[in-house]
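**Student:** Protein chains in written order, with numbering that gives the first Met the number 0: chain B, 0 to 344; chain P, 0 to 344; chain A, 0 to 344; chain R, 0 to 344.
Take the hints with a grain of salt, since some may be wrong.
The list treats identical chains as interchangeable, and a pair is accepted whether it falls inside one copy or across any two copies.
Claimed, not checked - Calculated cross-link-like contacts (lysine-lysine; reagent style DSS-like; alpha-carbon spacing at most 27 Å):
#	residue 1	residue 2
1	K273	K227
2	K305	K227
3	K227	K122
4	K258	K115
5	K344	K120
6	K273	K157
7	K115	K257
8	K157	K281
No lab work stands behind these hints, which were simulated from the structure alone.
Protein chains: 4
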Amino acid sequence: MRNELKRGFASDNNAGIHPEVLIAIQNANIGHCIAYGDDIYTQNAIYKIKEHFGEDIDVYFMFNGTGSNVLGLKMLTESYNSIICAETAHINVDECGAPEKFTGCKLLSVPTENGKLTIEKIKYHMHDFGFEHHSQPKIISIAQVTELGTVYTPDEIKEISSYAHENGIFVHMDGARLCNAAVSLDRSLREVTVDAGIDALSFGLTKNGAMNAEAIIFFNKKMSENFKYYRKQGMQLASKMRFMAVQFETLLTNDLWKKNAEHANKMAKLLVEKVSKFPQIKITQTVEANGVFAIVPSEIIPKLQKEFFFYMWDENRSEVRWMTSFDTTEEDIDEFIEQLKSLLK
Amino acid sequence: MRNELKRGFASDNNAGIHPEVLIAIQNANIGHCIAYGDDIYTQNAIYKIKEHFGEDIDVYFMFNGTGSNVLGLKMLTESYNSIICAETAHINVDECGAPEKFTGCKLLSVPTENGKLTIEKIKYHMHDFGFEHHSQPKIISIAQVTELGTVYTPDEIKEISSYAHENGIFVHMDGARLCNAAVSLDRSLREVTVDAGIDALSFGLTKNGAMNAEAIIFFNKKMSENFKYYRKQGMQLASKMRFMAVQFETLLTNDLWKKNAEHANKMAKLLVEKVSKFPQIKITQTVEANGVFAIVPSEIIPKLQKEFFFYMWDENRSEVRWMTSFDTTEEDIDEFIEQLKSLLK
Amino acid sequence: MRNELKRGFASDNNAGIHPEVLIAIQNANIGHCIAYGDDIYTQNAIYKIKEHFGEDIDVYFMFNGTGSNVLGLKMLTESYNSIICAETAHINVDECGAPEKFTGCKLLSVPTENGKLTIEKIKYHMHDFGFEHHSQPKIISIAQVTELGTVYTPDEIKEISSYAHENGIFVHMDGARLCNAAVSLDRSLREVTVDAGIDALSFGLTKNGAMNAEAIIFFNKKMSENFKYYRKQGMQLASKMRFMAVQFETLLTNDLWKKNAEHANKMAKLLVEKVSKFPQIKITQTVEANGVFAIVPSEIIPKLQKEFFFYMWDENRSEVRWMTSFDTTEEDIDEFIEQLKSLLK
Amino acid sequence: MRNELKRGFASDNNAGIHPEVLIAIQNANIGHCIAYGDDIYTQNAIYKIKEHFGEDIDVYFMFNGTGSNVLGLKMLTESYNSIICAETAHINVDECGAPEKFTGCKLLSVPTENGKLTIEKIKYHMHDFGFEHHSQPKIISIAQVTELGTVYTPDEIKEISSYAHENGIFVHMDGARLCNAAVSLDRSLREVTVDAGIDALSFGLTKNGAMNAEAIIFFNKKMSENFKYYRKQGMQLASKMRFMAVQFETLLTNDLWKKNAEHANKMAKLLVEKVSKFPQIKITQTVEANGVFAIVPSEIIPKLQKEFFFYMWDENRSEVRWMTSFDTTEEDIDEFIEQLKSLLK
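Generate coordinates for the entire structure from the input sequences, incorporating the hints supplied.
**Tutor:** Shown next, in the form of structure tokens:
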């Protein structure tokens with residue numbers, strides 16, 4: 000018998016599939032469809048995405064966020080370019096060098112306090128344009144939500160994208176948790192992306208209740224001409240694409256994406272609220288979405304992890320990360336707090 | 000309203016998901032699981048695969064067949080190597096250069112009559128070992144079932160793998176339709192792969208009724224040390240892996256893979272039997288699995304495709320490909336024959 | 000003591016440096032120059048090259064022919080493209096997969112009788128445009144002189160380049176022995192390249208008496224914008240470039256290139272004339288430049304090689320290749336013929 | 000008429016060829032030699048290199064330092080590895096992303112005060128071993144002389160290499176100015192490389208008076224098995240290699256390398272001594288080899304550059320770099336000081 004696993008705080012991708020998404024997959028399981036996306040489900044899902052992001056966009060479904068990030072960056076660079084990002088960026092530390100391998104580009108990172116780039120930080124790498132010995136900066140990549148659970152305001156994004164465009168470079172957004180950011184800012188998906196000047200978006204719904212729903216969206220079709228070849232060559236073209244497509248459609252209909260993100264964010268707020276009451280615990284980042292970063296007495300961490308699995312963030316300073324998800328319950332949090340209380344006694 | 004699509008003969012990946020597979024996905028949608036494969040479902044699926052292929056193997060789930068092929072080849076080569084394959088091989092003509100891009104290797108192809116390599120054909124490229132100007136042959140890659148619907152006998156495979164190993168090179172098998180081949184030969188999965196000397200297998204169940212279930216299997220763990228990094232860097236590491244895992248487990252339990260493959264093969268036999276009665280149609284390849292290749296009067300092709308979609312194989316000689324799948328029915332074939340009859344009148 | 004080596008017929012790159020070239024290097028060895036090509040010698044050499052090929056060109060010096068070929072191809076392709084060439088092409092068989100590694104492209108080769116592509120042969124690979132599963136043809140690469148010692152006429156080149164341009168693809172020429180071809184055709188360097196529709200030329204003078212003088216020339220500056228970054232990233236940017244530059248200038252002044260090529264071609268004609276008199280020897284390719292291909296009784300080959308080193312071309316049919324160079328003398332040929340005579344007795 | 004260029008302080012690769020090296024090239028220009036290094040000159044040069052570095056080494060001549068660095072790193076890594084280096088390292092800032100493009104690896108840099116890595120700095124990147132999401136550290140690359148003109152002591156190198164080897168990783172040395180370092184430390188070439196635990200050395204003599212003499216040396220032949228294929232595929236295999244070989248032999252015979260380096264270092268000492276007398280100029284790095292780094296009043300820099308070309312190092316703080324070379328004269332320095340004096344008045 001399979002053991003039912005308790006909902007922990009390890010990651011929002013440890014959660015399962017939202018029931019409505021699963022039903023949509025079932026409903027799409029009828030008859031034959033042309034493979035590789037030339038089907039009515041994929042077409043409908045793209046219409047739905049355009050409702051959110053506007054008409055003049057180019058959308059490609061991908062297997063995972065790494066695929067979206069890497070191939071999106073590939074589309075917008077030549078191998079002699081460089082990509083500017085935060086030191087903590089997923090593309091910099093969590094993709095095993097996939098961006099370098101597939102694009103040939105150099106990643107130029109900057110330390111940040113809260114996962115967010117600023118123009119001042121970006122400028123550190125903006126030099127030697129035209130000098131052939133030097134990788135030429137071509138993209139700034141930001142994450143929304145950042146890897147530290149913080150959220151860029153639309154104005155902060157606009158400032159970066161204006162600066163980028165003035166300097167002839169692109170802005171890519173890693174939106175693995177875009178829904179959580181939009182909800183946090185009380186803005187539409189469009190307002191925090193294309194309207195803020197983003198050129199290419201890795202749009203992920205897997206962490207929002209999908210089984211596997213990831214896409215790269217180019218906000219200017221001229222940029223992505225011929226992208227389909229990179230998707231195939233990048234090993235990211237799904238054959239039975241209809242089952243990916245209906246996940247997008249379901250989550251983007253009737254605000255399901257929003258409800259899921261709102262719930263996850265709300266649970267994080269609740270968690271941080273309750274956890275803050277323990278003087279032994281120090282919250283290290285403003286909780287703006289569904290991640291809570293905290294310094295916890297190191298001796299209790301292994302015991303706490305046993306019951307509610309979560310990851311160490313920075314071993315050196317005993318910092319942990321707790322992620323909430325669409326299916327986190329208040330009971331989960333209560334039980335966790337109980338456990339914490341008993342361990343901290 | 001979504002239109003229910005008729006089952007055509009375009010490809011076995013135009014079919015949907017086997018009902019039992021879908022139920023297994025549903026059943027796995029409980030609680031939280033560690034992402035990226037460190038979960039009980041993935042573990043169980045790997046046990047199940049080992050029941051079929053033996054204990055001393057190394058299995059990695061992948062998103063698609065291209066991923067399995069390309070990263071499997073990467074694991075076993077250096078960039079200065081070459082890969083020998085049939086001219087019609089999927090890795091040679093249907094992966095948009097993914098093998099070259101990711102491995103850096105040269106593909107050396109050989110024309111074949113029936114999609115099958117022979118030692119004589121392979122030898123054409125076996126020269127200049129040790130000569131630094133020349134890409135060094137390191138892998139022979141064969142497809143089982145071949146892209147022309149033919150099947151290697153275990154003896155044919157053994158002959159190739161013995162020759163390869165004597166010459167210090169590996170044999171990779173693209174097993175996108177391995178189940179159909181095993182069933183056709185009335186052999187176990189093991190007998191037509193590891194027992195026949197295959198070193199690495201791209202094992203696909205997507206065409207056998209899965210939604211997306213692909214794996215690369217190395218039959219010698221020493222070869223695949225550190226493969227996990229290539230999978231991640233190759234953008235093929237799934238986060239919610241449990242849902243991929245249960246597809247493997249379901250299809251490999253109670254001979255479901257076998258029933259599905261038997262049915263598809265049987266339908267192809269039925270199709271070729273009925274189609275052969277039309278003197279205007281010429282069958283071009285022995286039907287050994289679930290594909291039928293035929294020369295058809297060119298004027299009727301577009302009309303026939305309208306009702307039952309399928310692909311042209313060779314426009315020049317008016318050759319088409321008809322694929323059957325686990326869900327093809329006798330009615331599908333009867334309707335198709337009716338249609339054909341009326342068009343050929 | 001160093002042994003003075005006899006001039007053999009192994010390759011025109013076994014020859015040394017033309018005395019005038021060496022003097023030019025000496026003369027350039029004065030004071031300091033800005034490195035990496037920003038010097039007066041490089042500027043002058045480029046002027047000289049423009050005298051031969053026209054003003055509207057973009058020239059980059061490279062270390063070797065492989066560098067010119069590979070980076071030239073890189074400039075004109077994306078990784079999802081394919082490159083069409085003769086099966087015997089240097090890029091296909093003599094560069095250890097460097098084109099695949101650096102460009103990511105697939106090489107599509109065609110067997111030829113005499114090393115020359117024709118439109119009919121090229122067409123074999125011109126299909127599936129727009130189909131994302133298939134590497135998209137983007138360049139036809141031809142060698143002038145071919146690897147089999149034959150020479151394309153300007154009309155043959157024009158026919159290929161017209162066909163290519165009509166189909167939206169480029170033509171690259173591997174001109175490692177371009178001088179020999181021009182001389183053979185009694186045409187200028189320009190007439191057999193840019194005037195015949197070539198888009199990019201690997202222009203080599205190393206085999207014409209230079210120590211190391213190779214360049215990639217783009218005949219349309221729009222194509223090569225930003226090439227300088229590829230040269231640097233491709234590890235082909237020389238620091239003390241002045242010494243490479245003066246080699247170009249010397250050979251391209253006062254027809255020295257022409258005299259060297261004429262002499263080499265003349266020696267090949269003489270060689271084939273004399274060798275043809277032996278009924279046991281069969282010339283296999285028309286001698287149009289400085290290479291002679293012949294089937295020779297296999298038992299005498301090792302003995303002959305001992306005195307005058309040369310390479311086997313096709314072991315299976317006992318075919319050898321004899322190359323002449325700018326410094327081959329009539330005495331070399333006479334001694335060789337003597338040796339041959341005595342061995343064939 | 001060509002203008003004789005004054006010896007400036009831009010770079011040691013702006014200097015020409017040492018007269019003895021040129022004579023050696025001339026002397027090697029006799030008869031024919033097998034191309035690509037299978038000749039007596041290359042063999043002799045390798046013997047000579049072994050006299051300096053020991054018998055059990057593997058040496059390959061390369062076109063330039065970038066080639067040596069990049070292919071050396073390629074030999075010792077898989078694409079999922081990372082390479083740790085100083086932020087100022089040549090491989091990090093001056094090779095246009097060539098290491099990333101050819102190896103696929105991630106470069107992990109650390110800021111330093113003086114161009115030198117320390118174990119403490121290295122440790123910043125030594126984590127997440129075995130974690131598949133993270134590029135796995137495999138090489139520490141240090142430069143000797145560093146890009147800031149400083150020199151590692153043998154003990155400092157040993158400390159790094161011991162630490163590396165204990166952690167299962169390699170140490171690569173970029174020895175573009177190794178001779179200057181050895182001379183500065185009064186040690187043999189061997190003592191500051193293989194004896195200090197270096198695994199692979201990019202050994203450059205171009206900056207020591209050669210025209211183009213660069214090599215990669217592996218100090219353990221097991222590591223470099225098959226390197227010859229990477230050299231060819233990496234476009235670094237020279238055809239007329241004898242002319243490169245004799246440059247190595249000449250400079251490594253009768254201590255010519257030493258005299259050249261001693262002279263360059265001595266000139267730098269003289270320069271810094273004289274320049275230090277100007278209170279307006281601040282020397283920013285200890286002068287340990289042939290480079291002088293100084294903050295100079297920004298208004299005089301363009302005027303000074305006009306007469307004696309040199310490069311800005313850090314525009315923001317008005318820091319310049321002056322390099323001396325084997326052919327710098329005391330007169331050069333005197334004239335420069337005169338000029339400086341008059342500008343600083």
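**Student:** Which numbered hints are broken by the structure, listed smallest first?
**Tutor:** Those not satisfied are hints 1, 5, 6, 8.
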